[in-house]
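Engineer: Protein chains in written order, with the working numbering: chain P, 87 to 626; chain D, 28 to 229.
Treat each hint with caution, since some may be false.
[What the hints assert, rightly or not] The calculated DMTMM-like cross-link candidates involving lysine to aspartate or glutamate, where the alpha carbons are at most 20 Å apart (straight line), are:
id, chain 1, residue 1, chain 2, residue 2
1, D, K110, D, E35
2, P, K200, D, E37
3, P, K111, P, E100
4, P, K200, D, E33
5, P, K206, D, E37
6, P, K324, D, E143
7, D, K109, D, D194
8, P, K442, P, D592
9, D, K200, D, E33
10, P, K206, D, E33
11, D, K193, D, E205
12, P, K324, P, D335
13, P, K324, D, D151
14, P, K200, D, E35
Bear in mind the hints are in silico, worked out from the structure with no lab data behind them.
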Amino acid sequence: MESSEMTIQTNHEEPSYLHHKGKYKGILSWILSTDHKRIGLLYLYSLLTMFATGATIGVLMKLELIAPGVTIVNAQTYNAFFTLHGIIMIFAVVIPGLPAVFGNFFLPIMIGAKDVAFPKINLLSWYFYVSGVALVLVSQFLGDRPPDTGWTFYAPYSFRTAGNMLPAVFGVFLLGFSSILTGLNFLVTIHRMRAPGMSWMKMPLFPWTLYATGWVQILATPIIGITFLMMAGERIFKIGFFDPALGGDPLLYQHLFWTYSHPAVYIMILPAMGAISEIIPTFCQKTAFGYKFIVASSIAIAFVGYFIWGHHMFTSGMSGASLFAFSLLTFLVAIPSAIKVFNWVSTMHKASIDLKTPFLWAVGFVFVFMIGGFSGLVLGSLTANIHLHNTHFVLAHFHFVLFGGTGYGFFAAMHYWYPKITGRMYDAGWANTGLVIFFIGYMTLYSTMFYLGMEGMPRRYFDYDPIFHTPNVYSSLGAIVMYMGLAIIIINLIASLKKGAKAPADPWGGKTLEWTIPSPPPAENFDQIPVVTKGPYQYE
Amino acid sequence: MNNTQEIEQEALTSKTGMWLFLFTELLLFGGLFIVYSVYRYQNSEAFHLAANELSVFIGTFNTIILLISSSTIAMSITAIQKKNKRLALLLLGATFLLGFIFLVNKYFEWGHHIKEHIYPGSYDLSLRGHGDILFYGLYYFMTGVHALHIIVGLGFIGIVTVRISKDKIHSGKFVLLENCGLYWHLVDLIWIFLFPLFYLIT
Numbered sequence: 087m088e089s090s091e092m093t094i095q096t097n098h099e100e101p102s103y104l105h106h107k108g109k110y111k112g113i114l115s116w117i118l119s120t121d122h123k124r125i126g127l128l129y130l131y132s133l134l135t136m137f138a139t140g141a142t143i144g145v146l147m148k149l150e151l152i153a154p155g156v157t158i159v160n161a162q163t164y165n166a167f168f169t170l171h172g173i174i175m176i177f178a179v180v181i182p183g184l185p186a187v188f189g190n191f192f193l194p195i196m197i198g199a200k201d202v203a204f205p206k207i208n209l210l211s212w213y214f215y216v217s218g219v220a221l222v223l224v225s226q227f228l229g230d231r232p233p234d235t236g237w238t239f240y241a242p243y244s245f246r247t248a249g250n251m252l253p254a255v256f257g258v259f260l261l262g263f264s265s266i267l268t269g270l271n272f273l274v275t276i277h278r279m280r281a282p283g284m285s286w287m288k289m290p291l292f293p294w295t296l297y298a299t300g301w302v303q304i305l306a307t308p309i310i311g312i313t314f315l316m317m318a319g320e321r322i323f324k325i326g327f328f329d330p331a332l333g334g335d336p337l338l339y340q341h342l343f344w345t346y347s348h349p350a351v352y353i354m355i356l357p358a359m360g361a362i363s364e365i366i367p368t369f370c371q372k373t374a375f376g377y378k379f380i381v382a383s384s385i386a387i388a389f390v391g392y393f394i395w396g397h398h399m400f401t402s403g404m405s406g407a408s409l410f411a412f413s414l415l416t417f418l419v420a421i422p423s424a425i426k427v428f429n430w431v432s433t434m435h436k437a438s439i440d441l442k443t444p445f446l447w448a449v450g451f452v453f454v455f456m457i458g459g460f461s462g463l464v465l466g467s468l469t470a471n472i473h474l475h476n477t478h479f480v481l482a483h484f485h486f487v488l489f490g491g492t493g494y495g496f497f498a499a500m501h502y503w504y505p506k507i508t509g510r511m512y513d514a515g516w517a518n519t520g521l522v523i524f525f526i527g528y529m530t531l532y533s534t535m536f537y538l539g540m541e542g543m544p545r546r547y548f549d550y551d552p553i554f555h556t557p558n559v560y561s562s563l564g565a566i567v568m569y570m571g572l573a574i575i576i577i578n579l580i581a582s583l584k585k586g587a588k589a590p591a592d593p594w595g596g597k598t599l600e601w602t603i604p605s606p607p608p609a610e611n612f613d614q615i616p617v618v619t620k621g622p623y624q625y626e
Numbered sequence: 028m029n030n031t032q033e034i035e036q037e038a039l040t041s042k043t044g045m046w047l048f049l050f051t052e053l054l055l056f057g058g059l060f061i062v063y064s065v066y067r068y069q070n071s072e073a074f075h076l077a078a079n080e081l082s083v084f085i086g087t088f089n090t091i092i093l094l095i096s097s098s099t100i101a102m103s104i105t106a107i108q109k110k111n112k113r114l115a116l117l118l119l120g121a122t123f124l125l126g127f128i129f130l131v132n133k134y135f136e137w138g139h140h141i142k143e144h145i146y147p148g149s150y151d152l153s154l155r156g157h158g159d160i161l162f163y164g165l166y167y168f169m170t171g172v173h174a175l176h177i178i179v180g181l182g183f184i185g186i187v188t189v190r191i192s193k194d195k196i197h198s199g200k201f202v203l204l205e206n207c208g209l210y211w212h213l214v215d216l217i218w219i220f221l222f223p224l225f226y227l228i229t
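Looking at chain P on its own, in the form it has when it is part of the complex (with noise of 0.2 Å):
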C-alpha cells in the first residue's frame, strides 16, 4: 500500500489510522497497537483466516456426503470435522463476528469519541482470542486423536472420549474470556463516552444492538466459563458433576450449557441486526421507520433470550411444565424480531432506494432471517420439535439463522464500511457477481436440508440411506458453487485494496458520525470531538 499513501490523505492534514507513526514500528504496530481502529483489522484478518478455515472444513463434510458410504473420510475424521467446524464457526467467528471487527472499529467513532473506555484491555482480549483459537487448533494434533464431540461437548461422553478434550475446552474458554472483555469495554463506552448532546435516544441503531449484546457477553457468558473448569474438573480429577456414574446429572450439564449458548445465539445475531439498521437508512435516504421500536426490541431480544435455553432440549426429559413453559417463551422472542424485519420493510418503503452492494446484503439478509426465524417457530412448537430434533432440518435452521443472519449481516457491514476502513472503494460489479453466485449455492445447500430433515436424515453421521442420495447431490454442489461465490467475494475486496478508486468520506450519503470523518479516518477519529444536535438518521 506505499503506493497509495500520497493518494489517501490529501485532503487531510492527519495522517490516517493506516499510516499514523506510533510507538512501535513495523508488525508491532499492529500487534501492540491500543488504537480500536487497528484491533478491529486485527480481529477482521483473524476471523476471516479463521471462516476460511471453517468454511473449507465445512466443503470437505459436504463432499463426504455427496454419496452414501465413505466418499473422502472415515466416521471418526467426519466427527473430528463437524466438532472443529462447530467451534471455529460458533466460538471464534460468529460469536466474536461484528462487535470485534465493527464493533471495535466503528462504536467509538459513531458515538463520537476518541477511543473505547479501555483501550488495553481492548488489546488484551484479542490476545485471548488468539491463544483461544491457538488452543483449539492445537487440540487436533496433540494426544491420541481430536476431539469428536460436536461443538456442543455433551457429558458424559466428552469426559469419557480418547479425543484430546482439554485444549479445545479451555480455548474456547478463552474465546469466552475474550468476549466478556470485549463486551464490558463496549458497555462502559456507550455509559461513559457518548460525545456532548448525544442523548440515548439520539445514538444510532448499530451501538444501541451492541449495548443489548454486550449485557448478554457479560452475564451468560461466565456460566459456560464454569461449565468448561466444571468438565476440566470432570476430566482430570473425575469429580463427577456430570456423570451419573458418581451420581453427578448429565441433563444438568446441557441445562448450564444452553443456559449461555442460547443467549449467545442473540450476541451472533443483535450486531448484525444493528448493522442491517444503519445500512437500510443509508441507501433509501431515510429516517429508520420506529427508531424507538428497534431499539425496544433489541433490549426485549436480548432479555427474552435468557429464558428460552430449554427449547434446545425439548427430547432430553424435561418435565411438562417445563416444556410448556419454554416453547411458549421460544414463540415471544419471535415478535421483537418480527418487530425489526417490519421496520426495515416499512424504511423501504416509498423510498427511492438506491440498489448498491450493502443494500443487496442488507435484503438477502431480511430474506434468509425470514426462512430461519419461521423455521425456528416450527422447532419451537413441541410437536413438530419431537420429530424433527436432531435432523438436518435443525442444521438447515441455524444455518440460516446463524450463517444467514450473521454472516450475511457480516458481509453486508464489510461493503458498507469498506470504504470507510481502507478508503478505497470495491468493484461493485464482482461484488454483486459474487453476491448472486453466493446466494444461488447457499439457497442450494441449506434449503434442500429441510426436506432431508422432514424426511429424516439425522444430522453429525458420515453416511446415509441411499434414499436420501438426490438431495444430497444437490446439497453438495450447492456448498461448492457457494464456495466460489464467497472466493470472488474476498477475493474482489483484497484487489481492491489496492487498484481500488479512492474513497469520499460519504460515499452513500450516510448521516451517522462516521462519515463526517475523512476515509479512512485520521488515529485521533476527530478534530474536535463533536456535539451531537439532532438524531442519527435525519434524511429530510
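Knowing the structure of chain P, use the given hints to seat chain D on it.
Structural biologist: Below, chain D alone, put in the same frame as chain P:
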C-alpha cells in the same frame, strides 16, 4: 476540561468497568451455586451428614479473618484520602497478611481431608455414596475456585501496594485502590455464602 475533572471522569469510567466485571464474577459463581442447590436437593441426607465432617472452627475462623481483611482494605482507602500514606500501606499489609492466613488455614483443612483419603477420585471416597462424592467434589471445587480468587486478590493488593509506595496512587488519584477494594469485598462476599452452605447447614 481541567485536570481534576479528567481524573474524576477516568475514575468513574474505571469503576463502572470494575462493577460490570464483578457482575461477571457473580454469574461465574452463580453457575456453581445452581449446581450445588440441585445436588443438595437430590441428596439432602448425604449432604447433611457430610457437612458434619467439616471443621466449623476453621470455617468460622476463616470467615472472621476475611471480614476483618475487608474492613482493613476499606480503611486503607480512607487513609489514602486523608493523605496518610504510611497508614494506608500498613492497612494494606494487614489485608495481605490476613488473606495469606486464610490460604494457610485452607491448606491445612484440605491437607487434613486428603490425609484421610477423602478427595475426588480417591478409592475411599468412591466407596461412599453418590451424595458424598458430589458434596466433596463441590467442596473442593468451589472453595478451590474461591481460593484462586484470593490468590488473584493478593496479587492485586501487591500491585496496589507497590504503586502507593511509588506515589502513583495518592489522595488525588486512587481509583485502582478502590477497584482493588471492590474486588476484595466480592471475594469476601462469596465466602459469606460458601461458609453456611458447606459448614453451617448440617
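Engineer: With reference to the structure, classify each hint as holding or not holding.
Structural biologist: For each hint, the structure was consulted:
1. K110(D) / E35(D): holds (17 Å)
2. K200(P) / E37(D): Measuring from Cα to Cα gives roughly 14 Å; hence the hint holds.
3. K111(P) / E100(P): holds (18 Å)
4. K200(P) / E33(D): It holds: about 15 Å lies between the C-alpha atoms, which stays within 20 Å.
5. K206(P) / E37(D): holds (14 Å)
6. K324(P) / E143(D): It holds: about 18 Å lies between the C-alpha atoms, which stays within 20 Å.
7. K109(D) / D194(D): holds (14 Å)
8. K442(P) / D592(P): holds (14 Å)
9. K200(D) / E33(D): Holds, at about 11 Å.
10. K206(P) / E33(D): holds (19 Å)
11. K193(D) / E205(D): holds (17 Å)
12. K324(P) / D335(P): The hint holds at about 14 Å.
13. K324(P) / D151(D): At roughly 14 Å apart (the allowed maximum being 20 Å), D151(D) and K324(P) satisfy the hint.
14. K200(P) / E35(D): OK: K200(P) and E35(D) at ~18 Å, within 20 Å.
Going down the numbered hints, you'll see the structure goes against none, and every one checks out.
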